[in-house]
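From just these sequences and the hints, can you work out the full model?
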Amino acid sequence: MSRTNQSDRSTLGLTMRAMVLLGLAAALVIAFLMGRELGGADGPPGNAARAATPATGLFEAVVRKDAAGVKAALASGADVNGTLPEGAAPASRAGMTALMVACFEGSEGCVAALLDAGARTDARAADGRTALIFAAGWGGAGCVERLLAKGAAPDARAADGMTALMFAAARGDVESVRALLSAGARVDERNKWRQTALMAAARNGSIEKVGALLEAGASVDLADQFGDTALSIAASSTYADDAVVRTLLRAGSAPDQADNDGVTALMKAAEAGDEAKVAALLDAGASVTLKDRANGWTARDWAAKRDDEQGRAVAEMLGRIGR
Numbered sequence: 003m004s005r006t007n008q009s010d011r012s013t014l015g016l017t018m019r020a021m022v023l024l025g026l027a028a029a030l031v032i033a034f035l036m037g038r039e040l041g042g043a044d045g046p047p048g049n050a051a052r053a054a055t056p057a058t059g060l061f062e063a064v065v066r067k068d069a070a071g072v073k074a075a076l077a078s079g080a081d082v083n084g085t086l087p088e089g090a091a092p093a094s095r096a097g098m099t100a101l102m103v104a105c106f107e108g109s110e111g112c113v114a115a116l117l118d119a120g121a122r123t124d125a126r127a128a129d130g131r132t133a134l135i136f137a138a139g140w141g142g143a144g145c146v147e148r149l150l151a152k153g154a155a156p157d158a159r160a161a162d163g164m165t166a167l168m169f170a171a172a173r174g175d176v177e178s179v180r181a182l183l184s185a186g187a188r189v190d191e192r193n194k195w196r197q198t199a200l201m202a203a204a205r206n207g208s209i210e211k212v213g214a215l216l217e218a219g220a221s222v223d224l225a226d227q228f229g230d231t232a233l234s235i236a237a238s239s240t241y242a243d244d245a246v247v248r249t250l251l252r253a254g255s256a257p258d259q260a261d262n263d264g265v266t267a268l269m270k271a272a273e274a275g276d277e278a279k280v281a282a283l284l285d286a287g288a289s290v291t292l293k294d295r296a297n298g299w300t301a302r303d304w305a306a307k308r309d310d311e312q313g314r315a316v317a318e319m320l321g322r323i324g325r
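Mapping the sequence shown onto my numbering, position 160 (from 1) lands on 162, and the numbers just tick up by one.
Derived from the structure by calculation, the hints contain no laboratory data.
Positions of the beta carbon are idealized from the N, C-alpha and C atoms, including for glycine.
Check before you lean on any hint, since a few could be wrong.
What the hints assert, rightly or not - Simulated restraints, written as ranges between beta carbons of each label pair:
{"#": "1", "residue 1": "Arg-66", "residue 2": "Tyr-241", "range": "31 to 39 Å"}
{"#": "2", "residue 1": "Asp-285", "residue 2": "Asn-83", "range": "50 to 58 Å"}
{"#": "3", "residue 1": "Asp-263", "residue 2": "Ala-70", "range": "54 to 62 Å"}
{"#": "4", "residue 1": "Gln-259", "residue 2": "Asp-162", "range": "24 to 32 Å"}
{"#": "5", "residue 1": "Arg-188", "residue 2": "Gly-79", "range": "37 to 45 Å"}
{"#": "6", "residue 1": "Ala-256", "residue 2": "Ala-315", "range": "25 to 33 Å"}
{"#": "7", "residue 1": "Leu-224", "residue 2": "Asp-285", "range": "22 to 30 Å"}
{"#": "8", "residue 1": "Glu-311", "residue 2": "Lys-67", "range": "45 to 53 Å"}
{"#": "9", "residue 1": "Arg-66", "residue 2": "Gly-254", "range": "44 to 52 Å"}
{"#": "10", "residue 1": "Arg-252", "residue 2": "Gln-312", "range": "23 to 31 Å"}
Here you go:
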């Protein structure tokens, strides 16, 4: 969630995301979890497939979203709080439990079976993420609510300071946001980049999540380490529309608050060539005469530098304003 990388800072990595999130064949995912190389049915020469164990059976069942298989693996002796089998995944996967994988997969049935069998909600993966964090970002409100009902800590942080609420705001559903807030999640917690859940929701462009956070008392003018506020983030985000910008302005966001480089929300919207956002900011009284620190550019200059139809339209709009 930094300026150079505004996408999810997930450490799940491309391997699991390609195999699981993008839905490749289950056999490939199982091979990944069991630690086999992919080079044929038994792997490359000299690398025999691992023998099936209750532990591998448990993780295979979770990936298949097979609650009955989860129960069978547990009955066969699998440790409900065991982590991915040794060698089964890159170091960044270390510490992931079956419950975490089930939450990532969004399998409520497996989550319920594991919780009923005593799965710990406070266990952490190598990057500090808990099952609740995986559920909030990927699994959905059903998984979130089951974990909270079992006492999962709503404000547990990953190593980078990200909370479940931040993940729900960034990539989860609004029901997860509301469930976490109802459970007492602190709305203005900050991650290592000084970013809040409201900033994540503003970038995501979900007016429902922005609204839920504002109703819970989220502070609109907090700035991250770059000086960006939720408003300036929404102004520059390709995922957020002018309705998000207007919602933040109605909630009291200062239209002329600038980032560390003196760039205002109006300048960011102008740079994006977004007439609707520019209009929203102008309606709120944003100044067209302010200049950034690095270039001495006004919002009109930021629009003009696009040198395209959108930029010219915004520059013309701003040129008609005198304030």
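### Query
Which hints, by number, does the structure contradict?
none
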